[in-house]
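Asks: Listed below, chain by chain, are the residues.
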Amino acid sequence: MDFTLTEEQALLRDSVQRYVEHDYGFERRRACIEREGGFSAGHWAGFATMGWLGAGLPEAVGGFGGGAVETALIAEQLGRGLVIEPYAAVAVLAAQTLRYVGGDRALSLLGEVIEGRSLPVLASGDEPKHATLIAGGPQVTHFLLPMREANGVSLFALRADDLGPARIDYRLIDGSPACDLRLDAIPVDRAVRIAGPVDAAPAIALARAEARVALCAEALGVMGRALDVTREYLRQRRQFGVPLADFQVLRHRLADMSIAHEQARGALHGALAGLAQRDATSRERAVAASGVMCVRSGRFIGAQAIQLHGAIGMTNEYIVGHCFKRLMVIERLLGPAQQRVDVLARCQ
Amino acid sequence: MNFEPDPAIGAFRDEVRTFLRERLPPDMARRTQRGYHAPKADMVTWTRILYAHGWSAPHWPAEHGGPGWTPLQRHLFEEECALAGAPPTCTSAFSLVAPVIYTHGSEAQKRQHLPPILRGETFWGQGFSEPNAGSDLASLKTRAERDGDHYIVNGQKTWTTEGHHADWLFCLVRTSATEKPQRGISFLLVDARTPGITIRPIISIDDAHSLNEVFFDNVRVPVANRVGEEGQGWSFGKLLLDNERAFSAEVPRNKRMLARLRTIAAATGLDSDPLYAQRVAELEAELQALEWLTLRALSEHGTPAATQWPAGSVLHVLGSELQQKTGALLVEALGEHGVIAYPEVIDDVGSPAAYPPGPDHAPGVTADFLYRRAVTIYGGSNEIQRNLIARHLLAG
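Line by line, the protein sequences are chains Y and X. For the first sequence, position 87 matches number 87 in my numbering, and the numbering has no gaps at all. For the second sequence, position 182 matches number 182 in my numbering, and the numbering has no gaps at all.
Chain Y on its own, in the form it takes in the complex (with noise of 0.2 Å):
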């Protein structure tokens, strides 16, 4: 156990939080929804080059031999710039997918996705007739479907383009796209087998775990964008004559986000030690407790760094209003709580 980064791990932090803060500002994030659908080409190419989208894999995979902390690192500064493209459907689920299934096809489907060549996510569900929620939109490239078959859940890959109906997009409340699958609408032989007939769930269940913790550092680097956001806000607004911190309910509730941002952090590490437990236990109850707490911390800071603004935090100019939406759309890509519940009920 250490929690001091390594010279590399720093290194990769500050990459990603230097671009957050110089090429991914609040005003070029609102452009690239409101114009570009809520992808950027440019940003996800950028990415790539810099070596974001491997760096959560080993090197015999063709990555940069990071694994769930450097993925963590990565998801968190993404999250307190609140980048919108899809991170952690392609980058962790959908390549972690891959990289636990194995076998040439779906190695050389992750080697396009580590050069930021190919975008596939995995639709959710097992043997779904209609996936939901899926996100990332036009700029998808493959649907990764898993399909129950005689020996157990085989993986598919479906190359996006051409679907028509089968295929409905849409945009969540935070400006990102997402899409549902009509699977019954697809012709079979559209659907190329990638892993399979031995049973891909194992492989998924890994990948989907990773994913949740990426998520639960997304979420921490939210909170902590507007956690930072509604402190210098308390500093520099002026009511009364004086700075809203010296009023002293606001500054516990400010301790309060605080506390709650720490927990969450908390959290995240007890589930990247969870990740590196070898048994599915104590993995599955790590990931949902952490997810618990980032939840609760998350639905917490959200609303109060609104409170604390005021009418200006309910405006959609201002950013405090887009980190409970990003942190609300965070809450469901993890999953129903009644999961979590259900996890942590059984494993005790």
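Hints listed in this document are in silico derivations from the structure and should not be mistaken for laboratory results. None of the values given here were measured: they were computed from a predicted structure. One thing to keep in mind: the hints can contain errors.
Covered stretches of chain Y (chain X as the covering partner; in silico rule of three or more C-beta atoms under 8 Å from a C-beta of chain X) [as the list claims (entries may be wrong)]:
1) 19-31
2) 103-117
3) 274-284
4) 332-341
Within a straight-line C-alpha distance of at most 25 Å, the following computed SDA-like cross-link-like pairs (lysine to any residue) qualify [as the list claims (entries may be wrong)]:
5) X:K141 <-> X:H104
6) X:K325 <-> Y:D256
7) X:K141 <-> Y:D256
8) X:K180 <-> Y:F240
Just so it is clear, CB atoms sit at the ideal spot from N, CA and C, and this is done for glycine as well.
For chain Y, the structure is supplied; the task is to place chain X on it using the hints.
Replies: This is chain X only, laid out in the frame that chain Y set:
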């Protein structure tokens, strides 16, 4: 104290229900139930329907056009309207400015403004907050300088709800620089079409336009449009905010939200989940307590008992926080559909082809939840309300 049911009240409720069944257009009710901001056309139409029945201003005194109901009747009426999906009338007009006009206005002001409000012919917007005067409203800077029979108004107001629909604005303006800033504030009624007024939209986090900023550039307002004397504006503003708070328990809206929650939970099967049922039960218990607290406050209004506790602030805190809790559970009940951006469909003639997928009960829930972050901010934030409650408790 006596809580025996009043036999007459059942007949009153039936009368209101019959009226709503016969007069409330179903498409209008469907739009309102979704939770988006009501379109102006619906508000106008509904106000005129109410007016034709003599019911457009339930809480006004009978001499000014109110129906002369008891507090309990007013409460039941508003509850039935909310549950049936009736759109709101113009709150800024009926609940905020009108009580100031009929209590402190001149006879001419009453004659000019109250009848068109009653008939739904004029909409009003509130010009109180400024960019640097929010919780600290007394520091407001918008100036009104005397020039013969007129004031020349310069400055900026903000967070003006439905200001883009307003025919008239009621504003707190500074008419003199005094040592105690409250004493230099006056209450002006301003025709929103006066040259020099610019109204700009503010898009809120629900992606909707209900808020506005209002700029005043050498706007000439007749001195006759001042309510009361110069320097009395602050006390009128306080009276108005107290009125706003008395309604901000929003029991009818809370009931409608809880009813919607039950409908959605039944549709999704969530109602059979014991953990979920427990959380809904807690909200129901809170709502019952809030309802009876509200009834008590309404009954005590204007009596010495009303001065014994800070009812407005207590109701504001409880009612606003209950709305936010119920809203959060509503979003949760939608599952994945709770984070989908559903654009508002005004014409209500079926969804356009590219509309996001989801059940019919989904659109509007999350937009309403997002907008309701404001209920703990407007009308005096809950932090300010708690200060007022503490001041009351610790005074003397």
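Asks: With reference to the structure, classify each hint as holding or not holding.
Replies: Evaluation of the provided hints:
1. 19-31: violated (count 0)
2. 103-117: Coverage by chain X is violated here, the residue count being 0 at a Cβ distance below 8 Å.
3. 274-284: violated (count 0)
4. 332-341: holds (count 5)
5. X:K141 <-> X:H104: It holds: about 24 Å lies between the C-alpha atoms, which stays within 25 Å.
6. X:K325 <-> Y:D256: 19 Å, holds
7. X:K141 <-> Y:D256: Since the Cα atoms of X:K141 and Y:D256 sit roughly 34 Å apart, the hinted pair is violated (cutoff 25 Å).
8. X:K180 <-> Y:F240: 12 Å, holds
Figure legend: structure checked against the earlier numbered hints; hints not met, in rising order: 1, 2, 3, 7.
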